[in-house]
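Student: Residue strings, one per chain:
2 protein chains.
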Amino acid sequence: MARLGILAGQGSLPGLLAAAHPKALFGHFAGLAVELPGTEAVELSYERFGEMFAALHAAGVTDVVFAGGLARPGLNPANFDAKMRELAPGFLAAMQGGDDGLLRAVIAAFEAEGFAVRGAHELVPGLTAEPGRLAGPSPSGGDLVDAARARAILDALGPLDVGQGAVVADGQALGVETAQGTDAMLRFVAETPARLRQNARGVLVKAPKQGQDLRIDMPAIGPATIAAAAAAGLAGIVIEAGRVLLLDRDATCGAADEAGLFLIAEAAG
Amino acid sequence: MARLGILAGQGSLPGLLAAAHPKALFGHFAGLAVELPGTEAVELSYERFGEMFAALHAAGVTDVVFAGGLARPGLNPANFDAKMRELAPGFLAAMQGGDDGLLRAVIAAFEAEGFAVRGAHELVPGLTAEPGRLAGPSPSGGDLVDAARARAILDALGPLDVGQGAVVADGQALGVETAQGTDAMLRFVAETPARLRQNARGVLVKAPKQGQDLRIDMPAIGPATIAAAAAAGLAGIVIEAGRVLLLDRDATCGAADEAGLFLIAEAAG
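Sequences listed follow chains A and B, in order. Just so you know, we're using this note's numbering here: the first sequence kicks off at 1 and counts up by one. Just so you know, we're using this note's numbering here: the second sequence kicks off at 1001 and counts up by one.
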């Protein structure tokens, strides 16, 4: 590829990408504080797609990667440039079908402009996991039953573009991930009244939505996910092998070992 | 029917049933404070199914109704009587398939004992709603799209015995009801960060799970649901006609009118 442009959202993924591609252009957005010494950076705005495309072209960028959450940014139509005024109605319509609709429309807009849109997992080796136990103790038989049930919930919701995560404890669904994300769901699970929870621990399953374009909004876990899962009293976490980003693998596995949570990667059924 | 036994959980439903069936035997459980002057009452325990069956038979009870949530009670095996020791392994196994599995097993145990298990909606006229707008303003076109999407989420999850409620706002799923119930989900929705919510209001859809036995754990809404939906910033609520209990209909509709929330009953698709 000629040159990579990293369109940086929050979290540690943008930094991992920049480290693996030191010559990339680092595009950051207002409100997302990023400091990457030695990397060429440019400030971008989703209100001004025309300026964004022009800046990327001017820097010789041919391939782009969306790194970190692209949570619906707060957009002020008064600030739109001509290109964004052209694109916005399509984005708005696409949003009605859920976040994936919007993200697919954003990818299509970049592709129409001549950029190749790449997935973070293609650009950094080892970002996803091979099948097997990655950390922590062995799951119990009951944990595996809970994991299968959580996976069935995700499979049922995937075609509706909902849910990259679900928690089941002793057969009882305690959380289904919605737009607020995994950590918010785990805080919700942590607040389950004791009379309902009955000391059941439970399992978090993380996987992409069926048919999800992994080039954007790929599910990810990191040390913070382990901490949130431990705070929610879970027994462990199952991620889909090859299709969930493992951010800071050593720290993540170390945190799971320390918390006594199992962390397993499973091939899709 | 010869005599009704009301197995009273929490909420206002037990009182509504007792008012409609003043000669019923009122069975209440430790920890659930109930006062119903003029009604014959007996204290029961889910730890002692043998004693429960004997007390109901002795009072001439032939038909029973489970009224109010039968949240998994905290059970101490040391207190089990012989009948419960016999039933408990089956209940435990049934729980692994979700709450409906447990509830079906409990119904089967009562039926095996010769009781007819009735649904609250059969015993009190007017507890469910006919299709149409019950209260509040007319929904917008966007509200109806959100409602259809929330309904699709429930339809997808129903076969898995998850979800009697879901919230969608501007196409974005913000809540899927799990074991913690509707009010907990609405509190979760209320906490959605503004940058995600983007001033979208949203719609709550309540419906029974596909294939759900309405004789137990029938979905219900009441004035508290309206208050929680208003606190979560929703535009309105859609319930399934004929299959969702409308507790204290006047107060519920009055609260919706006052809060400016639409309340609509829709026939199942």
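It is worth saying that the hints were derived from the structure and are not from the lab. Everything numeric in this text was worked out from a predicted model, so none of it was measured. No residue lacks a Cβ here, since even glycine has one placed at the ideal position from N, Cα and C. There's no promise every hint is true.
Claimed, not checked - Far from chain A by the CB rule (all over 10 Å, computed), these chain B residues:
hint: 1; residue: E1113
hint: 2; residue: H1121
hint: 3; residue: E1122
hint: 4; residue: V1145
hint: 5; residue: R1149
hint: 6; residue: D1170
hint: 7; residue: G1175
hint: 8; residue: A1184
hint: 9; residue: E1191
hint: 10; residue: G1211
hint: 11; residue: A1251
As the list claims (entries may be wrong) - Just the calculated beta-carbon pair ranges, DEER-fashion:
hint: 12; chain 1: B; residue 1: A1231; chain 2: A; residue 2: G101; range: 25 to 33 Å
hint: 13; chain 1: B; residue 1: N1199; chain 2: A; residue 2: G181; range: 15 to 23 Å
hint: 14; chain 1: B; residue 1: N1076; chain 2: A; residue 2: A93; range: 55 to 63 Å
hint: 15; chain 1: B; residue 1: A1108; chain 2: A; residue 2: E122; range: 52 to 60 Å
Student: So, for every hint listed, does it hold in this structure?
Tutor: Right, here's what the structure says about each hint:
1. In this structure B/E1113 is separated from chain A by more than 10 Å, as the shortest Cβ-Cβ distance comes to about 25 Å.
2. Every beta carbon of chain A lies more than 10 Å from that of B/H1121, the smallest distance being close to 25 Å; the non-interface claim holds.
3. The beta carbon of B/E1122 sits about 28 Å from the closest Cβ of chain A, which is more than 10 Å, so the claim that it is off the interface holds.
4. With a closest Cβ-Cβ approach of about 6 Å to chain A, B/V1145 is found to fall inside the 10 Å limit, against its non-interface label.
5. A Cβ of chain A approaches the Cβ of B/R1149 within 10 Å, the least distance being about 7 Å, so the stated non-interface status is violated.
6. For B/D1170, the condition that its CB be more than 10 Å from all CB atoms of chain A is violated, with the nearest at approximately 7 Å.
7. Distance check for B/G1175 against chain A: the nearest CB is about 6 Å away, which does not clear 10 Å, and the non-interface claim fails.
8. B/A1184, annotated as away from the interface, has a beta carbon of chain A within 10 Å; the closest lies near 8 Å.
9. Against the 10 Å criterion, B/E1191 falls within the reach of chain A, whose nearest CB is about 8 Å from its own CB.
10. Every C-beta of chain A lies more than 10 Å from that of B/G1211, the closest at about 14 Å, which supports listing it as non-interface.
11. At roughly 26 Å from the closest C-beta of chain A, the C-beta of B/A1251 stays outside 10 Å, upholding its exclusion from the interface.
12. Under the hint 25 to 33 Å, the C-beta atoms of B/A1231 and A/G101, about 29 Å apart, fit the expected range.
13. The beta-carbon spacing between B/N1199 and A/G181, approximately 19 Å, falls within the hinted interval of 15 to 23 Å.
14. Between B/N1076 and A/A93 the beta carbon distance is about 57 Å. The supplied range of 55 to 63 Å therefore holds.
15. A C-beta distance of roughly 53 Å is found between B/A1108 and A/E122, which places it inside the suggested range of 52 to 60 Å.
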